[in-house]
Amino acid sequence: MKEVDPRFINLKKKVGLFFSVALIGIITALIFLGIERGTFIPKYRIYFIVKKGTGLFEGMPVKLSGFKIGKIEALSLDENARVKVSLLVNKKYQKWIRQDSKAMLTKEGLIGESVIDVTVGSLDKPVIEDGYTIHYEKTKGLDEIVEDVKPLLSEIKNVARYINDPQGDIKQTFGNLKTLSSELRITRENINKLLKNTDANISKIASDISKTAKDIDSLAGNIDKTVSDVDRKINPVMDKLSKTMDNTEKATAILKDTVEKSATKVPTILDKGEDALGDTNEVVKSLKQVWPIRLFIEEPKDSLLHGDSYE
Amino acid sequence: MSKTRQQNTEHRTQTLFVCILCSVFCALFIGCGGPAVPTLSSIRTKAIEYNQNGMEAAEKGDYEKALGYYMEALKINQSIEHSEGTAINLINIAVIYQKKNNISKAHELIDMVFSIPDISDNIKSEAAFEKARLYLKEKDFSKTKEWINRSLSLNKGIREGSRWNLMGRTVLMEGKYDEAIAAANFALKLNRENKQRIEEANSLRLMAEINAQKGYYGESREFYMNALEIDKESGDGKKISMTLRGLGELALKHGHLQDAVNFYMRAYNVSSHADDIEGALKAIESLADVYKKSGDEKNAEEILKKKTDLERQRPAEAGKK
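So the sequence lines, in the order shown, correspond to chains A and B.
Using the working numbering, the letters of the first sequence map in sequence onto residues 1 to 311.
Using the working numbering, the letters of the second sequence map in sequence onto residues 1 to 321.
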């Protein structure tokens, strides 16, 4: 008689059942994960061609009206050494991408993530089919904006230099005004001398002239004071303006340098950050769907602003 | 023999353990395999987010910001023909317009709610209540009562007490004290049952007001004090100031001038710190009256100077009646 340990009765069936259940579980999990990651969502490919592939990378998000509709699938060089960019786009957004749609490389914010922005096409144009090419429109980058601003800054600096130039028209004008005021003083002295020699009979006229002379004197004094005041005040201002311009130019150069250095790193960091956030989001979303957790999660809804009966 | 029995017992225990494990596993598997919870689309989630932001801004008293958020939420809901979301945000915008004293615009928005098909009676009831509040502001008492009754017929729910409070206020304005007391008592009972603390305070304030008009000083003061306690508990500066002004008015009516000054001063302090310019202005006007009545012209003049300063700060819409 063959003695069998009762624990091993139907062992094969039990092991078989265990593996089957595990296998079903794994397949189900993979299907759910695939659905969650959009693997089963139908997609199609469209292309655009650019001269340089700077700033473009595989996996870069493709957006339409701010919504992510796909990603860059691949970058390759064509026969003319231009970069052919292949976009993998969700099929359900195909109706918005038409013959006059354009692709643009833009940034979300000043130093935000770089994305490919596809414009919504006109309804009267045909829909772009799988494998077709759309136009690419170049957008201005930060470097180009800095380059545009540079001539303006040097222009302002030239104006400041021109105002501050001792041989320039403005400084010369101030000098002339100074000379005029000193000449007026001499004139006043001459009139005084003349008045001393004038006959007493014309004392009334003389007193009038004296009064006029006093006015001229006062005027000359005021002009003299004003000119020297303006001269005294304008010099430090000009110096400061000139220094500010120098500093601005230096700051712009530093800014450009910093942007150039960090610009290459920022998209990668943002991309990684977005990936991590996306993954976390997926995990949280999946967890929310898991029984029994889903039983405890309340769906968000619109709140009503209740009117008060005593307002 | 005993060894075989022991083996059998062990075998049974193990079998039971395997069965329990299998049951737990199956239960989990069945649970996981159940129907997935329907998730909101990203656009609906965005609309709800705007709605919640609007709610937060309205609670902080930033009506311009709230209006902006609600408009965005409304736009999204309209773009996807979400009737309920559209109706809720229309009501919310109407409430904000009413707070900004733009009554005609608020009427227009509520009328739009009633033209939306397939919205719940609960939302229609809220819209009708809002309509009633608008008519009360316009002092059209018959229309106010008509819309309160319409709101009650559509849905009662936990907000029924607020409808009766409004009914009480309306009949009190008409000078029907008995009807007002009946409505206020019923509202108080409903609000306590439904744990609607803010509306409970409103019921108490209404009772205090009715008693004050009937000349019952002690009862009125007690109701006001109870309302004040709830106002403080809910942290609503506007309501606290309103109750303090009520207490001030009561004290003035019964010749307690110093008490009246104290209450009005407290109301002014609360309103000015809660950025409630309208409340602060009302407190100042009442305070100036008390000073004048007590012959203190100097203090009356000084306090009126503050009024001029406050009037300059008042938003353009707030002054419109």
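The set of hints was computed from the structure by calculation and includes no laboratory data.
Take the hints with a grain of salt, since some may be wrong.
To be verified - 20 Å max Cα-Cα, derived SDA-like pairs, lysine to any residue:
{"id": "1", "chain 1": "A", "residue 1": "K288", "chain 2": "B", "residue 2": "S42"}
{"id": "2", "chain 1": "A", "residue 1": "K214", "chain 2": "A", "residue 2": "S181"}
{"id": "3", "chain 1": "A", "residue 1": "K301", "chain 2": "B", "residue 2": "R312"}
* **List of violated hint numbers, smallest to largest** => 3
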